[in-house]
Amino acid sequence: MAAEKKEASVLAKPPAKPPVWNDPRYRALFFQVLVLGGIIVACIFLVNNTLANLARQGIASGFDFLGKTAGFSISMTLIEYSEEHTYFRTFLVSVINTILVSVIGVFFATILGFIIGVARLSRNWLIAKLANVYIETLRNIPLLLQLFFWYFAVLRVLPGPRQSVAMFDTFFLNNRGLFSPKPVFESGFIAIPIALVIAIVAIIFIARWARKRQEDTGEQFHTFYAALGIFFGLPFLAALVTGFPLSWDYPVLQGFNFKGGMEMIPEFVALVLALSLYTATFIAEIVRAGIMGISHGQTEAAYAVGLRPGPTLRLVIIPQALRIIIPPLTSQYLNLTKNSSLAAAIAYPDLVLVFAGTALMQTGQAVEIIGMTMAVYLTLSLLISGFMNWYNKKMALVER
Amino acid sequence: MTEQTRHYEPGKHPDLPPPLTEVGVIGWLRTNLFSSWSNTILTLVGLYITYLLVPPVIKWVFIDADWVGTTREDCSREGACWVFIKVWFKQLMFGRYPLEELWRIYTAGALLVAAMIPLFIPQFRWKHWLALFLLIIYPIIATYLFSGFSADAVAAWPYRLMQYSALALGILALLPLLGVWRERSAIVAIVLLVLVPLWGLSASSTWTAGLLYGAPTWAAVIGVILAIGAPLVLVAGLMFSQWRNVIAENYWKFAITAAVVAFIGFMFPLWAWPDTAGSSPPWSIPLTAAALALAAVCPWGYDRPSGQPAWLARLLLPAYVVIAYLVLTGPPDFLNFGGLDWTANAKPLFAAIKDGPLPEVETPLWGGLFLTLVIALVGIVASLPIGIVLALGRRSNMPIIRAACVGFIEFWRGVPLITVLFMSSVMFPLFMPEGMTFDKLLRALIGVMLFSAAYMAEVVRGGLQAIPKGQFEAAGALGLSYPKVMSFVIMPQALKIVIPGIVNTFIGLFKDTTLVLIIGLFDFLGMAQLAATNPDWLGFSVEGYVFTAFGFWCFCFSMSRYSQYLERKLHTGH
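First to last, the protein sequences are chains X and P. Going by this note's numbering, the first sequence opens with residue 1, and the numbers climb by one from there. Going by this note's numbering, the second sequence opens with residue 1, and the numbers climb by one from there.
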């Protein structure tokens with residue numbers, strides 16, 4: 001009884017409070033204040049130094065320089081630009097060039113990557129080995145080296161316009177770039193894109209209707225063929241009604257160069273080639289891993305419930321493989337976008353070359369320009385990863 | 001009687017060979033290349049592609065190639081001109097590094113290889129020590145071998161050594177106060193035993209320089225012996241248990257005696273400080289010496305039976321920290337009478353070394369594959385610890401630390417390496433105080449380091465996330481502190497999981513080092529580019545690219561194969 005009482009009194013006693021320096025809460029607070037203080041001190045140090053250095057070099061900080069005339073020309077512009085335009089215009093031009101090369105690179109890299117990735121898994125020994133050799137060779141060679149190879153060793157040593165390499169007499173490749181026919185839109189052309197938009201909206205509605213009908217009644221509808229018909233049929237009909245308001249402007253050799261058509265400068269061609277060939281190897285490996293990540297039991301189970309090989313692939317394997325593929329694919333798209341900055345090495349007028357290069361040299365506004373450049377890349381990265389995260393969420397496994 | 005009509009008992013028929021179409025070469029061809037119509041077409045397409053690619057490449061690389069000669073006239077221009085590579089080989093490997101100094105790179109490389117080999121031998125038992133050598137001592141050796149001594153560095157080294165050993169002493173002396181290593185003051189003492197003489201040596205060299213100005217030799221010798229000897233004897237006393245008890249009982253007497261003796265010793269050469277030296281003697285040196293002597297004997301104040309720090313130690317340590325700070329930042333004017341230039345004293349003494357065995361090779365002369373390897377290895381070695389710290393910070397419960405780490409990681413991962421290198425070459429000088437300049441190579445290295453650390457942090461985070469929560473909880477339940485939980489339980493498992501990811505980051509970093517040529521450093525690819533634009537050798541860029549591509553390919557491919565081997569080896573299965 002006495003022992004029990006004693007025990008109770010021991011229990012009733014509040015546990016000894018740890019000293020302040022051993023209390024996890026205060027420790028956490030201490031370390032955080034320390035880190036915050038360190039960051040603030042470092043920031044003040046850097047800002048002070050920068051301001052002092054700028055003041056000594058006589059550079060006025062601020063974004064006023066964006067309104068001044070740039071005074072240099074750019075070899076490739078998608079929007080109107082001349083030497084009289086402002087630095088802000090050069091910024092826009094170079095951002096658009098960066099985005100253009102990234103989008104086209106992503107497009108080709110994805111297609112090529114999926115083809116190679118599937119070829120790598122082919123049951124045909126020769127095809128699988130060829131794909132393997134392609135992957136192992138190109139992905140172990142630095143991108144910059146490949147870029148140099150395509151630009152300096154292939155495109156720059158091509159013959160001049162008079163001895164162009166011609167494909168079907170419509171595409172011409174020479175040391176001035178790649179020349180292709182250019183679409184000329186005549187009046188009434190607007191009907192075709194409108195028809196295309198209507199077709200896409202109609203397809204979405206048909207797909208929803210077909211899915212609902214299948215869930216309700218079990219009857220299937222050939223959504224794919226219907227969609228195919230509408231997608232191509234409607235614009236074709238619109239073109240027929242408006243009398244084909246589209247013609248092609250072919251490049252023609254005049255004097256020492258080609259006139260007309262669409263001109264792609266060799267820097268652009270080299271950059272797209274290198275970026276897509278290099279990134280395709282990584283995408284191919286991702287695709288292979290995604291497909292191999294689906295257990296064979298899934299295919300067997302699908303066959304067992306009576307699905308044919310086509311629907312098995314479309315309805316069972318690919319949706320699951322995509323779930324594995326998308327996250328690493330996102331980072332490859334991000335890599336490609338960031339790698340497009342290698343353009344500076346071969347003088348393709350992208351953000352780094354034109355804005356962080358020429359504009360920086362002329363104005364000396366290092367902090368503002370490098371800051372804006374980094375901000376553009378950060379924004380692009382966030383946009384791409386945001387979009388892919390949204391898509392990933394849509395494809396993700398819905399769990400309880 | 002023919003074969004076909006012979007009759008066998010059921011089950012007695014001899015085994016027939018399998019049909020020719022199913023085994024051997026034909027069978028293999030049928031199953032792998034011609035199993036169906038579509039497959040046959042694919043095979044033919046593949047064969048055509050092979051035919052288009054392989055024979056011309058082999059013809060260009062081997063059959064039509066020119067291998068011998070020394071000038072471009074020796075090349076027939078039908079195949080590859082390997083003469084070009086032969087002529088430029090040294091530059092491709094080492095850039096513009098002076099040819100007569102190449103032995104230094106060879107030595108450092110041989111040392112690295114020799115030290116690395118045992119790491120790959122599974123039976124080797126002292127890997128930890130070897131790794132420590134490679135990570136701490138080897139970089140110092142390699143740096144001095146590669147860059148040699150600049151005159152300024154030579155003059156400054158006694159002062160630098162004094163700074164670093166004072167800092168190390170301070171940290172060591174503080175450890176027991178923070179509760180770390182309280183029970184291991186003997187180990188601390190052993191380290192002090194190394195550091196104190198090192199410090200004394202560097203300080204004494206400053207007075208030896210004073211000797212040049214006329215101080216008597218015997219004064220300097222006695223001074224150095226006393227200064228180094230006093231704390232040394234006291235620290236050595238710790239090693240013997242019978243002395244230890246005697247000293248511990250009269251702790252403060254011994255400590256103060258050591259400090260006074262050191263002070264007197266360090267004062268000795270100064271009394272003869274000549275007027276011709278142009279400045280007053282550095283009084284701060286003996287003061288610091290006394291403080292250091294006290295600090296050196298401090299840790300043993302904790303070994304008293306109560307386990308509490310001695311009162312003297314409590315007083316001495318804050319004082320020591322203040323003095324160590326003064327030593328580190330250089331003495332302020334009120335201590336450094338007459339504004340003595342500390343490094344100036346040592347200059348004449350070490351002027352001789354300037355032209356000694358290792359003349360300086362400035363970093364703009366570094367180049368080629370050598371520079372590529374330096375950048376890649378420094379980036380790899382430095383990014384892993386920074387990455388681990390960042391990953392732990394990102395998983396921390398403390399919101400400010402987490403936010404800081406997330407911000408850091410996402411910033412570096414969101415921008416391309418080129419802009420990082422641009423920033424390091426254009427903006428870094430702006431960030432630093434006036435007059436403080438960094439080598440271009442060092443700036444690039446810092447950029448590469450921070451960039452790859454962010455990627456490494458994400459890889460390590462992946463490993464941390466794969467460790468089940470039970471591991472953290474079980475380790476915590478055993479009473480392990482956070483550093484112990486991490487270093488003994490979590491990290492060994494997490495790092496094992498992410499080894500393939502780490503190697504992949506290394507491969508990426510290795511390839512990315514080529515970008516430094518954009519800010520004007522001539523790495524492997526940069527030298528190939530430079531060689532191809534040489535007026536005497538125009539038109540051989542393809543050979544240069546093929547050679548560099550082959551070099552990079554060999555490194556990257558072997559690294560990826562090694563990572564696959566590790567993945568298989570470490571896959572213990574769960």
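Please note that a few of the clues may not be correct.
Said to hold, decoys possible - Below 27 Å or equal to it, Euclidean Cα-Cα: the simulated DSS-like pairs (lysine-lysine) are: (1) P/K440 - X/K338; (2) X/K17 - P/K484; (3) X/K129 - P/K484.
It should be emphasised that the hints constitute simulated quantities derived from the structure, not laboratory data. Computed from a predicted structure; not experimentally measured.
27 Å Cα cutoff - pair X/K129, P/K484: violated (48 Å)
Restraint check for P/K440 with X/K338, where alpha carbons must lie at most 27 Å apart: Distance ~23 Å between P/K440 and X/K338 Cα, so the pair holds.
Proposed proximity, P/K484 with X/K17 (alpha carbon, max 27 Å): Cα-Cα ~24 Å, so holds.
When each numbered hint is compared with the structure, a violation occurs for hint 3 only.
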